[in-house]
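In terms of the working numbering, the sequence shown opens at residue 1 and continues consecutively.
One or more of the hints may lead you astray.
What the hints assert, rightly or not - Estimated spans, in silico, between C-beta atoms of each pair:
#1 69 with 120: 10 to 20 Å
#2 30 with 115: 29 to 39 Å
#3 117 with 51: 26 to 36 Å
#4 53 with 114: 14 to 24 Å
#5 97 with 54: 28 to 38 Å
#6 62 with 87: 24 to 34 Å
#7 85 with 118: 14 to 24 Å
#8 123 with 62: 15 to 25 Å
Think of the hints as simulated: they come from the structure by calculation, not from any bench.
These numbers come from a predicted model, not from an experiment.
Positions of the beta carbon are idealized from the N, C-alpha and C atoms, including for glycine.
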Amino acid sequence: MSGYKHIETEIARYIVWRYRSAVETGAGENLHAAHLLFRAGVLKRCTDIVVPKKMLFIPYVYDDVFSPQLSLYSDCECIYAIRPVEEMIPCLIRLAQAIGVDLLIYHLGFEGTDRPAPVSGCDVSLHQYVKN
1 MSGYKHIETE IARYIVWRYR SAVETGAGEN LHAAHLLFRA GVLKRCTDIV
51 VPKKMLFIPY VYDDVFSPQL SLYSDCECIY AIRPVEEMIP CLIRLAQAIG
101 VDLLIYHLGF EGTDRPAPVS GCDVSLHQYV KN
């Protein structure tokens with residue numbers, strides 16, 4: 001499969017078959033994976049420091065992962081981030097560990113060297129940093 005939003009589609013497909021609930025962090029304006037997960041009944045909400053300008057039907061909440069509101073994540077089994085900036089990754093790891101959920105990250109590029117191998121069963125390089 002290739003083309004428009006292939007990466008986001010594959011990430012959503014992976015999550016929907018493994019988790020009952022998920023939160024996307026650092027969602028920004030690219031909400032394709034979130035939309036697919038919301039339609040499947042898996043997405044609880046998206047969080048970011050900037051709420052999109054356009055009106056959304058997807059639950060979207062202001063939160064800063066550098067100082068997160070733990071209650072926004074406590075009702076999920078998985079936190080995921082698509083192309084987060086490298087500085088967010090240690091904060092996301094601490095957040096997932098603090099609430100005891102899995103953390104999945106799809107990287108922007110080849111930044112960082114201390115990353116786990118890609119998960120099996122996903123057609124894109126999705127990395128699992130925390131497993132509970």
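So, going through the hints one by one against the coordinates:
no., hint, in the structure
1, 69 with 120: 10 to 20 Å, "33 Å, violated"
2, 30 with 115: 29 to 39 Å, "21 Å, violated"
3, 117 with 51: 26 to 36 Å, "34 Å, holds"
4, 53 with 114: 14 to 24 Å, "35 Å, violated"
5, 97 with 54: 28 to 38 Å, "34 Å, holds"
6, 62 with 87: 24 to 34 Å, "18 Å, violated"
7, 85 with 118: 14 to 24 Å, "20 Å, holds"
8, 123 with 62: 15 to 25 Å, "32 Å, violated"
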